[in-house]
Amino acid sequence: MDEYARDTKVEWREWGTAPFEDAAESGKPVLLALTVPWSAECRAMDRGTYGEPRIAANINDGFVPVRVDADRNPRVRERYTMGGFPSTVFLTPEGEVITGATFLGPDGFRGILDSVRESWDAQGAAAGSIPRQLQDESPPAGELRPRIEEHMVEQLLGAFDDEFGGWGTDVKFPLPRTVEFALVRARDQATRTLEAIRTHLLDTYDGGFFRYSTERSWGNPRREKLLDENAALVRAFAHGYRYTGTEAYRDAAQRTVDYLTTTLWAGDAFAASQAGSDEYYRLEPTEREGTVSPNVDETVFADRNGLAIDALLWVAAYTDDERAQQYASRARDAVCESLVDGGEVAHYDGADSDTGLLLDQAQLLQGLTTSWQVLGEPGPAKAIADWTIENRQQDDGAFRDGPDSGAGLCTRSLHPLDATVELADALVDLAALTGEDRYRNAALSAVESFAGAAERMGVEVAGYAGVAARLQQPQTLTVGAEAGTDLHRAALRLADHETTVVPEPDGDGTARLLDGDAIVAEGTTPAELEAALTGDR
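Just so we're aligned: the sequence shown equals residues 1 to 537 in full-length UniProt numbering.
Don't take each hint at face value.
[Said to hold, decoys possible] Calculated pairs, DMTMM-like style, for lysine to aspartate or glutamate (alpha carbon to alpha carbon, straight line, at most 20 angstroms):
# : residue 1 : residue 2
1 : 9         : 41
2 : 9         : 107
3 : 382       : 504
4 : 382       : 320
5 : 382       : 322
6 : 28        : 41
7 : 382       : 352
The hints are simulated quantities; they were obtained by calculation from the structure and are not laboratory data.
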């Protein structure tokens, strides 16, 4: 149980089959509290709602209360979140959802308790339902077509905020994957969004990026800092620097590398998150000295570290930043040693950790394929990919998020689009790095398993269109030299970020750009390669 549970007076149970069995035996509904260590609202609800004696007594008498750290339990999070944290979810003993909400103060909580009790007394288990994302055994499959990329470009144009940058007209999320997609298809949108993110979400004093802004103008940011979101933004700014040469983008990426390798460094790898604190950030930067900074959750998660390894290595590739390379290598070695067993990845180092979750497999694999491209060091990339394909891919090509076992609705299939995109992207790279088409075929099947919904996708999942384009028009830059040579380093800086760079230590000293199987440019020196790739002959 997390440390903040002590702030409450509720008799919390751990997630598992036992609370659901007890609920069935006692004829009570389950109260599921999904919390995260970085959320101020979770702490406020602990103190103000779950800490209120009469509410706690009501819960303890009439419900089976279960508390889950959503960061440590992704399968529970993805099946039961109400869209934010805390998530307060009322369940039948079978795990079906009666109703739910996010933050609830004492009055709102009393009201929902009464409503749930009325529904339960009147309908019993029939009051629950299965969330829509769990109702279908497979996602809507289809065929990959150029139209997928075209549709997403149209979405970019339609959703872009011409006044403030970014996409959308309400809350502004940084959407780093969307920025990367736009860098080669709508660069002005990408650079204007990077400017807005750098101006409004980058903490220029303590370092790191805040999560998102609650206003269209990028004002009033949420102050939490999560490793995965920061890593994704580091990579987006690094790619932005690669395309534009804008020093401000390089500076933003390297400042955030400094934050990740100090505040979020947990000794051997990267820590999960740093909490937000309104009181702390109300202080002027000079007033923060001597003040306790917001709490850091030092849990080392495989998925988030995979993203950090990936991001820091691209910074190193574009800037020769030795610090970024060293910390990425240290995190890679530590995570692979402690969390990888024969290709199966543990979410974190703990007895209760899930293993073989799709997001862990995918994002760590992405970090390893980037390590292969940048350093010539693949680690257990093939073992992780092979295990994932064998154990998580269904006959229809779709990938499942985890095992078909567990409490509540964890036995029902869930096919997460974001994790599928991450995995497919890594498998495209791995196919080029190994020369084995089976990895590309697995990626193709996975992406096709969602193609039937492509016309309904918005800018939030632009990464799907990006990997679809890579599968339809694969580009590889082979370098007939060891990683780290001048020719290899030039190739990393010159290649489109959607092109896989393949170092070949036993090669003939020539770098070749392949469009499919056709050689379209080549060079034996950095200058020759640059001339061939830019058309400056």
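Consistency of the hints with the structure:
A hinted pair counts as satisfied when its Cα atoms are at most 20 angstroms apart, and residue 9 with residue 41 qualifies at roughly 17 angstroms. Annotation: proposed proximity of residue 9 to residue 107 holds, straight-line Cα distance about 17 angstroms (limit 20 angstroms). The straight-line distance between the Cα atoms of residue 382 and residue 504 is roughly 17 angstroms, inside the 20 angstroms bound, and the hint therefore holds. For the proposed pair residue 382 and residue 320, the alpha carbon gap of about 27 angstroms is over 20 angstroms, so the pair is violated.
Proximity of residue 382 to residue 322 is assessed by CA-CA distance (about 26 angstroms); at most 20 angstroms being required, the pair is judged violated. Distance restraint check for residue 28 and residue 41: the Cα-Cα separation of roughly 27 angstroms exceeds the 20 angstroms cut-off, and the hinted pair is therefore not satisfied. About 26 angstroms separates the Cα atoms of residue 382 and residue 352, which puts this hinted pair outside 20 angstroms; it is violated.
Checked against the numbered hints given earlier, the structure breaks hints 4, 5, 6 and 7 and satisfies all the rest.
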